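Use these hints to put chain C onto chain V, whose structure you have.
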Amino acid sequence: MMKDKVQHLFDEPACQKNQANSEKERRTGCSKPLTPGAAAGGCAFDGAKIALQPVTDVAHLVHGPLACEGNSWDNRGSGSSGPMLWRTSFTTDLAEIDIVMGQGERKLYKAIREIATRYRPPAIFVYSTCVTALVGDDIDAVCRHASEKYGLPVIPINAPGFVGSKNFGNKLAGEALFGHVMGTVEPDDAGPTDINVLGEFNLSGEFWMVKPLFERLGIRIRASIPGDARYADIAAAHTARVNMVVCSTALVTLARKMQERWGIPFFEGSFYGISDTSEALRNTAALLVEQGVAPSLLDRAEALIAEQEASALARLAPYRERLAGKRVLLNTGGVKSWSVVSALMEVGMEIVGTSVKKSTPEDKDRIRALMHDDPHMFEAMAPRDLYKLLAAGEADIMLSGGRTQFIALKAKVPWLDINQERHNAYAGYDGMVELVRQIDLAIHNPVWEEVRAAAPWDDAGQLTAAHSESAGEGDPSKEPAASAYVARHRKKFADTRVDNTDPNFLAHHRKKFAGAAGDDMGEC
Amino acid sequence: MTKVTAIQKAASINPLKSSQPLGAAFAFLGVEGAMPLFHGGQGCTSFALVLFVRHFKETIPLQTTALDEVATILGGADHLEEALLNLKARANPKLIGVCTTALVETRGEDFAGDIALIKQRRACELAGTEIVLVQTPDFDGAIEEGWSKAVTALIDNLVAPEAAPATAPARTDFDQINILPGWHLTVADLELLRETVEAFGLTPNIVPDISGSLDGTVPDRWIPTTYGGTPVDSIRSLGSAAHTIAIGEHMRRPAQRLSEISGVPFTLFESLSSLASVDIFVTLLAQLSGRPVPPKIRRRRRQLEDALLDGHFFFSGKRIAIAAEPDQLYALATFVTGLGAEVVVAVTTTPNSPVLTKVPAQEVRVGDLGDFEDLATGAACDLLVSHSHGRQASERLGVPLMRVGFPIFDRLGSQHRRTILYEGVRDLVFEVANVFQAHPHVHTSEELDPFRERGDYHDRHTQIAHH
Numbered sequence: 023m024m025k026d027k028v029q030h031l032f033d034e035p036a037c038q039k040n041q042a043n044s045e046k047e048r049r050t051g052c053s054k055p056l057t058p059g060a061a062a063g064g065c066a067f068d069g070a071k072i073a074l075q076p077v078t079d080v081a082h083l084v085h086g087p088l089a090c091e092g093n094s095w096d097n098r099g100s101g102s103s104g105p106m107l108w109r110t111s112f113t114t115d116l117a118e119i120d121i122v123m124g125q126g127e128r129k130l131y132k133a134i135r136e137i138a139t140r141y142r143p144p145a146i147f148v149y150s151t152c153v154t155a156l157v158g159d160d161i162d163a164v165c166r167h168a169s170e171k172y173g174l175p176v177i178p179i180n181a182p183g184f185v186g187s188k189n190f191g192n193k194l195a196g197e198a199l200f201g202h203v204m205g206t207v208e209p210d211d212a213g214p215t216d217i218n219v220l221g222e223f224n225l226s227g228e229f230w231m232v233k234p235l236f237e238r239l240g241i242r243i244r245a246s247i248p249g250d251a252r253y254a255d256i257a258a259a260h261t262a263r264v265n266m267v268v269c270s271t272a273l274v275t276l277a278r279k280m281q282e283r284w285g286i287p288f289f290e291g292s293f294y295g296i297s298d299t300s301e302a303l304r305n306t307a308a309l310l311v312e313q314g315v316a317p318s319l320l321d322r323a324e325a326l327i328a329e330q331e332a333s334a335l336a337r338l339a340p341y342r343e344r345l346a347g348k349r350v351l352l353n354t355g356g357v358k359s360w361s362v363v364s365a366l367m368e369v370g371m372e373i374v375g376t377s378v379k380k381s382t383p384e385d386k387d388r389i390r391a392l393m394h395d396d397p398h399m400f401e402a403m404a405p406r407d408l409y410k411l412l413a414a415g416e417a418d419i420m421l422s423g424g425r426t427q428f429i430a431l432k433a434k435v436p437w438l439d440i441n442q443e444r445h446n447a448y449a450g451y452d453g454m455v456e457l458v459r460q461i462d463l464a465i466h467n468p469v470w471e472e473v474r475a476a477a478p479w480d481d482a483g484q485l486t487a488a489h490s491e492s493a494g495e496g497d498p499s500k501e502p503a504a505s506a507y508v509a510r511h512r513k514k515f516a517d518t519r520v521d522n523t524d525p526n527f528l529a530h531h532r533k534k535f536a537g538a539a540g541d542d543m544g545e546c
Numbered sequence: 060m061t062k063v064t065a066i067q068k069a070a071s072i073n074p075l076k077s078s079q080p081l082g083a084a085f086a087f088l089g090v091e092g093a094m095p096l097f098h099g100g101q102g103c104t105s106f107a108l109v110l111f112v113r114h115f116k117e118t119i120p121l122q123t124t125a126l127d128e129v130a131t132i133l134g135g136a137d138h139l140e141e142a143l144l145n146l147k148a149r150a151n152p153k154l155i156g157v158c159t160t161a162l163v164e165t166r167g168e169d170f171a172g173d174i175a176l177i178k179q180r181r182a183c184e185l186a187g188t189e190i191v192l193v194q195t196p197d198f199d200g201a202i203e204e205g206w207s208k209a210v211t212a213l214i215d216n217l218v219a220p221e222a223a224p225a226t227a228p229a230r231t232d233f234d235q236i237n238i239l240p241g242w243h244l245t246v247a248d249l250e251l252l253r254e255t256v257e258a259f260g261l262t263p264n265i266v267p268d269i270s271g272s273l274d275g276t277v278p279d280r281w282i283p284t285t286y287g288g289t290p291v292d293s294i295r296s297l298g299s300a301a302h303t304i305a306i307g308e309h310m311r312r313p314a315q316r317l318s319e320i321s322g323v324p325f326t327l328f329e330s331l332s333s334l335a336s337v338d339i340f341v342t343l344l345a346q347l348s349g350r351p352v353p354p355k356i357r358r359r360r361r362q363l364e365d366a367l368l369d370g371h372f373f374f375s376g377k378r379i380a381i382a383a384e385p386d387q388l389y390a391l392a393t394f395v396t397g398l399g400a401e402v403v404v405a406v407t408t409t410p411n412s413p414v415l416t417k418v419p420a421q422e423v424r425v426g427d428l429g430d431f432e433d434l435a436t437g438a439a440c441d442l443l444v445s446h447s448h449g450r451q452a453s454e455r456l457g458v459p460l461m462r463v464g465f466p467i468f469d470r471l472g473s474q475h476r477r478t479i480l481y482e483g484v485r486d487l488v489f490e491v492a493n494v495f496q497a498h499p500h501v502h503t504s505e506e507l508d509p510f511r512e513r514g515d516y517h518d519r520h521t522q523i524a525h526h
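Going down the list, the sequences are from chains V and C. Going by our numbering, the first sequence opens with residue 23, and the numbers climb by one from there. Going by our numbering, the second sequence opens with residue 60, and the numbers climb by one from there.
Chain V on its own, in the form it takes in the complex (with noise of 0.2 Å):
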């Protein structure tokens, strides 16, 4: 059953990357086998997980041994409006017994129904993991009879981490939304403009820095899946009349499923990116206006779009001086590979490199189009070249995710975090000022020239050259200790004086004990 779903969900026909495959390369599937012992990422449970957690009212229950949630819980950083269920951390912590005596059924529903009576959720999304899988436990049983128990909507997440990769956990969540809420709760106030926003995550908040965009326009979100979605939007998914769908890879099957079954048309797109965001509530418009939506719209829409993308630009203004001609290496992948590229280019930045690993040839023609001259396009480096590539000075600043943020430490070049793990918000025309405001903070932040200064001393210790110098000639460690030893050590220091305020102090430190008069301590 589980082999079917995977080659069924392989064959996405909305996927870009998908169409462009070969008949063959179709069925073998999108993603690549792993690699044992060269493999990074993380598992189907994890990219399930991950697509559905910051539905805020939803109580997450894990079904496995401790590792799969303990050691992942609380790990990002979406914005709730309101519940904050979602952060509570619930798991069966499956122990040696309960495996080898079958007991996992029994205790699943038992924390179901300690989950739903204490807590009483609008529903509880109850996850599958590798060991559960293996040893057989039919969570879509148990879940089916402690809903009609308990009395709410129990959701089996089938997604065990051994099925794949995370972004096929992500489309396994979109199958279950599809599957078991979306279209069971029919809403008494669906409206002619009401959208849907697909595998938009809320990340720091985010999303908020765009949905009074479309309110302006009069546009409802019905539902933002899942960043700050309530079960209840979900479940009445089915009746608004557009799909946007963000991070596309994830919930783009989800999309085409709701178009076949509801009517339902959907674009990608992103809010990433200033011309991006005009794009969205472009193309949003103009999908409800196909909907029926009075065209009007349509020039209400490219009103807001013009006074905003004239703000956005007002603000970059003050940085282009600041931040002109310097080098940005953009190690990330997929949408953003290009969409903050036009910000950046905006400000006078020069991107020395996009990586293109979890690109479309789509994503790749946008590049060119951009960087007409040189697209500086790369597959995926490894972490010694990327070492060696910042080491060497050819970037002034690395946007990327949290997995290389070291690699740019440890060669003492500037890093800013542009994946799910950080802490500001990006989106939107705000988004993009913030993230150019970040990049100059990073950039001119003055730790860097601290840290980048050599230790006054070689590998053995001994002070190198410009500083030992001033201690005379010959080794200081072999001069007996003689009173003119002591006598050149006083006037040495006399004119010492420590002003850190000065960064170039230790070039003048080093010249004052070259033997130059001191200026104002005369007297020691």
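I should point out that these hints are in silico values taken from the structure, not numbers from a laboratory. Predicted, not measured: the structure shown is a model, and the values here were computed from it. Quick reminder that beta carbons are idealized off the backbone N, C-alpha and C, glycines included. Hints should not be assumed to be uniformly reliable.
[Said to hold, decoys possible] Taking lysine-lysine pairs in the BS3-like style, the calculated list, with each CA pair at most 30 Å apart, reads:
| no. | chain 1 | residue 1 | chain 2 | residue 2 |
| --- | --- | --- | --- | --- |
| 1 | V | 432 | C | 355 |
| 2 | C | 355 | V | 434 |
| 3 | C | 355 | V | 410 |
[Unchecked claim] Anything over 10 Å on all C-beta distances counts as not near chain C; from chain V, calculated:
| no. | residue |
| --- | --- |
| 4 | 119 |
| 5 | 175 |
| 6 | 211 |
| 7 | 252 |
| 8 | 287 |
| 9 | 398 |
| 10 | 441 |
What follows is chain C alone, placed relative to chain V:
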């Protein structure tokens, strides 16, 4: 050059200062077998004493000449004499540090003359006890000045002039290095300084040394004076060192005085709370000792580099308000701006220190915690830095407070926090970063709304390097 603005109002609201005699007594507490004596009213002493006890959680030897009505009118010399004799008889201290207060200074007596007479008249009774006078009226200065004057007085009274060969038999001990620490260095800082100097085979002579006396050890018997601290004989031997290292601008006076008396050259570090200044310090030790930098110290430097790299994210663009005595203000302000933060409010106690003009801020206000709170209110701060009395402002403003300096009475262990050298700077990076992490800024939908009123926190482009 930073603008230093003087006090602009009559009523001090929530004082930032501790008084000058407290600073002087603080220095005497770093001398072994010492007994600070306030020449003034009983309250002068007891308030200072209580503040010391609240900060250090220790018994603090601190006595008073307990001027009464009559002495206040007719003169306090009798009380001073009686106090000295009583102290000698009851505690037999090796040194009595007489700190004058506002009361007696307002009367304006000849204290030095009084003490000279008492010493002459009571030579037998007072034999074996040094009496050092420092004039520290409460109406002037603050801790820094008091501390600096007391250390200068110790040097003036105890260090024999270079020209007197009889009292200075061995001219120079090539391995001895004098350390004159500012008052804002902690017990842990002094221990670190000692270990670092010793690592080069040099012998540090730290004056005063609170690391032996205020470090919270439990002695096995009752001792009425300070226990630990710099021995009086070590202060006498200051003149035979190869070099003096003074830490903090307010230690220039004693260092200069010592060099005038005995010819020992000095190096002044305005701060040792930055990588660059510690590099210079370590280089100096390597040159003085002629030895390579030990592996342990080299490793600490690398650890600090990493701490700076990991920690700078939390400082970038942060707006910080600091209220502290001049040298501590300077050290902390250069520290946080060195990691990319901005000092938007800088308040200090006294206007006289030349280091104030170098504080990396638009303006340094001489004032109190009331000014601090007012300025911080309009400045959208992310962090307040002050002593424990800053907690009220912190509560009212909803901005976290990092406690530094004196007094810290609502947290334990402030004496064992390191703030200087590679280890101390590393600790500071972590401490500040952890305050920020403990108080994360959680975005709200109102604050991120693109149609909100502009000109608020999120949009500010001000963090444009001033330094």
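For each hint, the structure was consulted:
no., hint, verdict
1, 432/V to 355/C, "holds (20 Å)"
2, 355/C to 434/V, "holds (22 Å)"
3, 355/C to 410/V, "holds (28 Å)"
4, 119, "holds (39 Å)"
5, 175, "holds (27 Å)"
6, 211, "holds (20 Å)"
7, 252, "holds (14 Å)"
8, 287, "holds (26 Å)"
9, 398, "holds (26 Å)"
10, 441, "holds (14 Å)"
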